[in-house]
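S.K.: Chain by chain, the residues:
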Amino acid sequence: MIQETGTDLYSGILRFYALNDVRKYMKELLERYQREYDRSSNVIGSLLRAEGGKGMEVIMSKGWAKVGAMFVDVTDPEKGGMELTFQLVTEMRPRIAKTEEVLKTFESVESLPIPTEATFLLYLHGGIPERLVIDTTEPKPEAYVHKGEYATIQ
Amino acid sequence: MADEREDVLEVTVLIEDVDAARLSEKANENAASNYSLNVSLAERDRSTEHLVLSYSMELTSQPPTARFKISGSATLKGTRDEIKEGISAPDSNRPPPILVVIYERIYGTMYLLAGALKVPRPMPNLLKKSS
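Chain order of the listed sequences is W and H.
Residue numbers for the first sequence, in our numbering: 1 to 154.
Residue numbers for the second sequence, in our numbering: 1001 to 1131.
One chain only, chain W, in its complex shape (with noise of 0.2 Å):
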């Protein structure tokens, strides 16, 4: 399996030790989502721009029969591997424009009284964080030190 384009979009839960730390995997999360985004945009963009002028016809194949419970294209696969793109990039902007806002307001999630000890579980449903657990019933775990006197085995 090779994947072609598009970005895994992760449900469940995570934890944090830090705020700062969520906020820096949200960004991370955005960066991503929007380097996919501008990617498969370009791909389309530069489609229309070499079939000059001939609109939304060049993306959408006709090729698409009912099989089962699926859509299969068996006869137009250019177009129907564009009109793929063109549908991810249709369904990525809503879930680039959440995770903006999440990441805008989160100043106000930050203003917070977050007890210091506290740790973060961030609930994510489909790439985009919806939720977020302020714990203080599982800390931090204290900073790790070790200091011993060893030999080597002869």
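Worth flagging that the hints you see were computed from the coordinates, not collected in a lab.
Among the hints, a few may not be true.
Here chain W is said to cover these stretches of chain H; the calculated rule only asks that three of the stretch's residues, wherever they fall, bring their Cβ under 8 Å from a Cβ of chain W [unchecked claim]:
# : segment
1 : 1010 to 1024
2 : 1041 to 1054
3 : 1106 to 1120
Take a look, some chain H residues computed to stay more than 12 Å from chain W by CB distance [said to hold, decoys possible]:
# : residue
4 : Gly1072
5 : Lys1077
6 : Gly1078
7 : Lys1084
Taking lysine-lysine pairs in the DSSO-like style, the calculated list, with each CA pair at most 27 Å apart, reads [said to hold, decoys possible]:
#  : chain 1 : residue 1 : chain 2 : residue 2
8  : W       : Lys140    : H       : Lys1026
9  : H       : Lys1077   : W       : Lys27
10 : W       : Lys147    : W       : Lys27
11 : W       : Lys140    : H       : Lys1118
12 : H       : Lys1077   : H       : Lys1128
13 : H       : Lys1118   : W       : Lys79
14 : W       : Lys98     : W       : Lys24
15 : H       : Lys1118   : H       : Lys1069
16 : H       : Lys1069   : H       : Lys1026
17 : W       : Lys24     : H       : Lys1084
18 : W       : Lys104    : W       : Lys27
19 : H       : Lys1128   : H       : Lys1118
20 : W       : Lys24     : W       : Lys147
21 : H       : Lys1077   : W       : Lys147
22 : H       : Lys1069   : W       : Lys24
23 : W       : Lys24     : W       : Lys79
24 : W       : Lys79     : W       : Lys66
25 : W       : Lys98     : W       : Lys27
26 : H       : Lys1077   : W       : Lys140
27 : H       : Lys1084   : H       : Lys1118
28 : W       : Lys147    : H       : Lys1026
Every residue gets a Cβ at the ideal spot worked out from N, C-alpha and C, and that includes glycine.
Given chain W's structure and the hints, the job is docking chain H onto it.
M.R.: Chain H in isolation, oriented as in the chain W frame:
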């Protein structure tokens, strides 16, 4: 950030500073290799999926004819449990696994330096706590 993975602990060891000295004209590379180690590990940075430690090791031969001081960082990447296991000594007489890994990774450098200084080469074996 943490998620469930099946991978084993990934360790990256970086040497940031090395100091090696031949302390005596009587040093002989063919003499018995008997080094004592003073070790210090301290947390530099931590998230749920990685831990960065500063390490510092000072090896002194017995009798004291050579000394090596090596310091740097070790980055552990894995789950919380894997990291915890990596830094926890199995018992009070044995070093934490991460210390063994660090020693293994820097051993080649010490071996070459000992050869260049014509002093006994430290043994590559696992460490034991000196009494």
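S.K.: Now tell me if each hint is right for this structure.
M.R.: Comparing the hints with the structure gives:
For the segment 1010 to 1024 of chain H, the assignment as covered by chain W is violated, since 0 residues bring a beta-carbon within under 8 Å of that chain's beta-carbons and 3 are needed. Closer than 8 Å: that is the beta-carbon criterion, and the segment 1041 to 1054 of chain H has 8 residues meeting it against chain W, so the requirement of 3 holds. Counting residues of the segment 1106 to 1120 of chain H whose beta carbon lies closer than 8 Å to any beta carbon of chain W gives 0, which falls below the threshold of three, so the coverage claim is violated. No beta-carbon of chain W is positioned within 12 Å of the beta-carbon of glycine 1072/H; the least distance is around 15 Å.
In this structure lysine 1077/H is separated from chain W by more than 12 Å, as the shortest Cβ-Cβ distance comes to about 15 Å. Listed as a non-interface residue, glycine 1078/H keeps its Cβ farther than 12 Å from every Cβ of chain W; the least gap is roughly 14 Å. For lysine 1084/H, the non-interface assignment is contradicted: its Cβ lies about 8 Å from the closest Cβ of chain W, within the 12 Å cut-off. Restraint check for lysine 140/W and lysine 1026/H: not satisfied, since their Cα atoms lie roughly 51 Å apart, outside the 27 Å limit.
At roughly 21 Å between alpha-carbon atoms, lysine 1077/H and lysine 27/W fall within 27 Å of each other, so this suggested pair holds. For a cut-off of 27 Å, the pair hint linking lysine 147/W to lysine 27/W is broken: about 37 Å separates their Cα positions. Of the supplied pair hints, the one linking lysine 140/W and lysine 1118/H is violated, its CA atoms being roughly 47 Å apart against a limit of 27 Å. Of the supplied pair hints, the one linking lysine 1077/H and lysine 1128/H holds, its CA atoms being roughly 25 Å apart against a limit of 27 Å.
At most 27 Å may separate the alpha-carbon atoms for a hinted pair to count; lysine 1118/H and lysine 79/W exceed this at roughly 71 Å. The hinted pair formed by lysine 98/W and lysine 24/W meets the criterion: a straight-line CA distance of about 16 Å does not exceed 27 Å. This hinted pair checks out: lysine 1118/H and lysine 1069/H have alpha carbons roughly 17 Å apart, not beyond 27 Å. A hinted pair counts as satisfied when its Cα atoms are at most 27 Å apart, and lysine 1069/H with lysine 1026/H qualifies at roughly 20 Å.
For a cut-off of 27 Å, the pair hint linking lysine 24/W to lysine 1084/H stands: about 24 Å separates their Cα positions. The suggested pairing of lysine 104/W with lysine 27/W holds, with an alpha-carbon distance near 10 Å, which does not exceed 27 Å. Restraint check for lysine 1128/H and lysine 1118/H: satisfied, since their Cα atoms lie roughly 25 Å apart, inside the 27 Å limit. A hinted pair counts as satisfied when its Cα atoms are at most 27 Å apart, and lysine 24/W with lysine 147/W does not qualify at roughly 32 Å.
Simply put, lysine 1077/H and lysine 147/W have alpha-carbon atoms about 22 Å apart, close enough for the 27 Å limit, and the pair holds. A distance of roughly 36 Å separates the Cα atoms of lysine 1069/H and lysine 24/W; the hinted pair therefore is violated under the 27 Å criterion. Annotation: proposed proximity of lysine 24/W to lysine 79/W is violated, straight-line Cα distance about 38 Å (limit 27 Å). Taking the CA atoms of lysine 79/W and lysine 66/W, the gap is about 17 Å. The hint holds against a cut of 27 Å.
Annotation: proposed proximity of lysine 98/W to lysine 27/W holds, straight-line Cα distance about 12 Å (limit 27 Å). Proximity of lysine 1077/H to lysine 140/W is assessed by CA-CA distance (about 17 Å); at most 27 Å being required, the pair is judged to hold. Between lysine 1084/H and lysine 1118/H the CA atoms are separated by roughly 39 Å; this puts the pair beyond 27 Å, and the hint is violated. Between lysine 147/W and lysine 1026/H the alpha-carbon distance is near 31 Å, which puts this suggested pair outside the 27 Å criterion.
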